[in-house]
Amino acid sequence: MRSDTILKISVAVFVGAFFLYLFGPLIIMSVTAFNSSAFPRVSPFECFSVEWFNVLVNDDKLMLGLRNSLFIGLGVVLISVPIGLAGALMLMQISPRVRSWYYTIVISPILIPGVVLGISTLVFWDRLGLMFNADYDSFFYNGIFLTILGQATFISAYSMLVFISRLQRFDSALEEAALDLGATHVQTFRKVLLPFLRPAIGSAAVLAFLASFENYNTTVFTIVSESTLTTVLASKVRYGINPSISALAVIIVVMTLFGAGVYEIMRRREEAQRAASTLIAKAGDAAAVLGRKRRPVYAEPAMIILTLVFVAGLGTTFFAGTVGVDQCKVAVKEEKRRLAEERIKERKLKSMFKQAAPGKETGSKSGGGTGKVEAKGTEGYKSIFAPQNLEGQVESDEKPAEDKGKVDAKGTEGYKGIFAPQNLEGQVDSETKATEEKDKIDAKGTEGYKSIFDPKNLESQSGTNGSN
Amino acid sequence: MNIAQSIREFFLRNGMVLGLYLVIAVTFWILILIVLPQLYMLDFSFSKNLPPAKIGGPEDVHTLEHYEFFIRGSAQNTAAFNVVDLQVFFRTLLAAAFVTIFDLALCYPIAYYMAHVAQGGWARLVVLSLIIPFWVNEILRAFAFRIMFGSGGVINGFLIWLGIVDEPVDFIRENVALYAGLGYAFILLMIFPLYNAVESLDKNQIEAARDLGSPWWRIHWRVVIPFAKPGITSGCTMVFMLSAGALAAPQILGGPSSLWFTQIIYQWFQTGNNWPRGSAYAVVLLASTIVFVLLMMKIFKVRLGEIAR
Chain A
-14 MRSDTILKIS
-4 VAVFVGAFFL
6 YLFGPLIIMS
16 VTAFNSSAFP
26 RVSPFECFSV
36 EWFNVLVNDD
46 KLMLGLRNSL
56 FIGLGVVLIS
66 VPIGLAGALM
76 LMQISPRVRS
86 WYYTIVISPI
96 LIPGVVLGIS
106 TLVFWDRLGL
116 MFNADYDSFF
126 YNGIFLTILG
136 QATFISAYSM
146 LVFISRLQRF
156 DSALEEAALD
166 LGATHVQTFR
176 KVLLPFLRPA
186 IGSAAVLAFL
196 ASFENYNTTV
206 FTIVSESTLT
216 TVLASKVRYG
226 INPSISALAV
236 IIVVMTLFGA
246 GVYEIMRRRE
256 EAQRAASTLI
266 AKAGDAAAVL
276 GRKRRPVYAE
286 PAMIILTLVF
296 VAGLGTTFFA
306 GTVGVDQCKV
316 AVKEEKRRLA
326 EERIKERKLK
336 SMFKQAAPGK
346 ETGSKSGGGT
356 GKVEAKGTEG
366 YKSIFAPQNL
376 EGQVESDEKP
386 AEDKGKVDAK
396 GTEGYKGIFA
406 PQNLEGQVDS
416 ETKATEEKDK
426 IDAKGTEGYK
436 SIFDPKNLES
446 QSGTNGSN
Chain B
1479 MNIAQSIREF
1489 FLRNGMVLGL
1499 YLVIAVTFWI
1509 LILIVLPQLY
1519 MLDFSFSKNL
1529 PPAKIGGPED
1539 VHTLEHYEFF
1549 IRGSAQNTAA
1559 FNVVDLQVFF
1569 RTLLAAAFVT
1579 IFDLALCYPI
1589 AYYMAHVAQG
1599 GWARLVVLSL
1609 IIPFWVNEIL
1619 RAFAFRIMFG
1629 SGGVINGFLI
1639 WLGIVDEPVD
1649 FIRENVALYA
1659 GLGYAFILLM
1669 IFPLYNAVES
1679 LDKNQIEAAR
1689 DLGSPWWRIH
1699 WRVVIPFAKP
1709 GITSGCTMVF
1719 MLSAGALAAP
1729 QILGGPSSLW
1739 FTQIIYQWFQ
1749 TGNNWPRGSA
1759 YAVVLLASTI
1769 VFVLLMMKIF
1779 KVRLGEIAR
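These protein sequence lines are chains A and B, in that order. Residue -14 is where the first sequence starts when you use the working numbering, and the numbers rise one by one after that. Residue 1479 is where the second sequence starts when you use the working numbering, and the numbers rise one by one after that.
For the record, the hints were derived by calculation from the structure and aren't laboratory data. The beta carbon of each residue, even a glycine, is placed where N, CA and C say it ideally should be. Do not take every clue at face value.
Computed, partial: chain B to chain A, Cβ under 8 Å [unchecked claim]:
(1) I1512
(2) N1615
(3) F1621
(4) Q1729
(5) T1767
Can you make the complete structure from the sequences, with help from the hints?
Next up, the structure:
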């Protein structure tokens, strides 16, 4: 009994972890889309904003890619659904001896790596173009044409699989009956087979479109000089990222959720209808079925609720995302500034303490700064006597702290007490110690301070600062 | 049974119009889209890298140089083998196998859970929620992993918060992000064949084994797994093929020092401007993956028809 509960708990934990793995990335990515921070991240969450959606919509390259992707998707649907249907019908009729060969060939595009399909399409049509002496403007070299063909190669196989699973439930006696009653082959096909296949045609088309829309491996070779959404995205992601890509992901996730909801509702409805019709058939009361009008899908209550929730969510999000964003941004900036100032005050306080304490500690601090404290760290102090410069430092401090907060801030810490004459000695002392310890703080850094009281030096140094 | 007769029968059965539609569509698919491009790519991989003007001229002869390059490296190379490319090739296969095993280990319990433990609406919800990540673009998924695994990302933040590490771990360089991303991308392709196979298992068999005193792990080892073998093989084959042939995830998530084999192919086409060599590499990839699939089918005694379901 005890081991049973342990097993149950571990199963629950495993399932939970699995779904965390499944949805965690999507949730995190979605959250970054609403953060006003210029780098996609969750924390620190600065302001809730929808500005990245604006950036996304105004991205011309991406929009061109999207248009091409939609066009290609449409082309792929138009080619691969008829081919898939023909392939499936052919499979039903072909003699068993040839069937396994046939099946192997038509199913192989699913297993062949997409890269290979893209390459073979590209070189094949390139060669054909050469054979026909075609222009470079002709379709042999047109990226969109090649992409449609390359994708249709394997997407046809997907749609064929959809048709096969539907055709397995087809009663061919219906077809025979129609033919016996004098219908032509075309009529039988149109009036008997196609209506039966209609759901399969719908799902094959949706599947084909989605598969085409998200394809990258084949497209990247066949697209040549054009672009699709995926190729634009890939180059964007590779060369620097910003949250507008997350915004796109949010749109896709929301659309998928919506689609899944619609699909589920339709499935439930179909099931309910089937149950009702069997019930009524049993009762022998067909009048009720005939009397009830079929509601269109969009008038289904669940559907209406789903749509309302969807629209309301969209509305509030955008309202919340546009109102008060600027204020929030200013606030965040202020906050950052305040934090930076606080940090500096803190440092000042610390250095006051250090004045009293022997310089040893200061030295170890500055030396501990990952040993990278070099010219950069010391730069700031050269003109440390100029009061107006101190302010500038506050300004500049803000940035590195935001970036990594690594070296620079640390580097300055030790020198705040530089005004105190008695501290200077200690510092020089400590500086040499640090040099011994870390050997990366080269003499350069310390050299400057030894003669720091020399008035001549002071002038020249503040001069360099001015040029900074 | 001769061919002419069966063709006539075919047209008699379908009528002229439909028969023509079937024949034309299927021929176009098989010949123009599938077979001829592959054959031409094979032929092209044996030709020299020439400018268009010289193609068909006296210099356009068949050569093995690209395959030789793959194994031996350039003429200046003093080593016996093209160490860089071969290493990338074998590492890709190995990593793809690793991703496959990872996915299998992750998905088998879930598939079993979906098929035999979860019930009613909950099971339905689980299936639906599996599909959603699959429709998010491959590149966006990789992007999500990059955000997560970056030095300022959530995972590093969490680890630092827990106090496990002090400095952010460079998951991208260590390829952790890549394996996690690849495994993520193909979960669905592993889980559905497994689910289909496990689901058709009669529950009575499991109960019988349990009644006879078999512990849960032996029930899986002796009853469920042997039954689900076709599903396991087909899921593994799909995942292996797709991760060995993946391009987007390695481009986005791959560490700077490690390449995926498809990236080398991509380079020969895009920057190397040597299409025949790229084709040769593509043929190598295709051949090795086919060999792998055949091997898997041989070992586990499954037919192709069972794989692509």
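### Query
Of the numbered hints stated previously, which ones are contradicted by the structure, given in increasing order?
Violated hints: none at all, because every hint is consistent with the structure.
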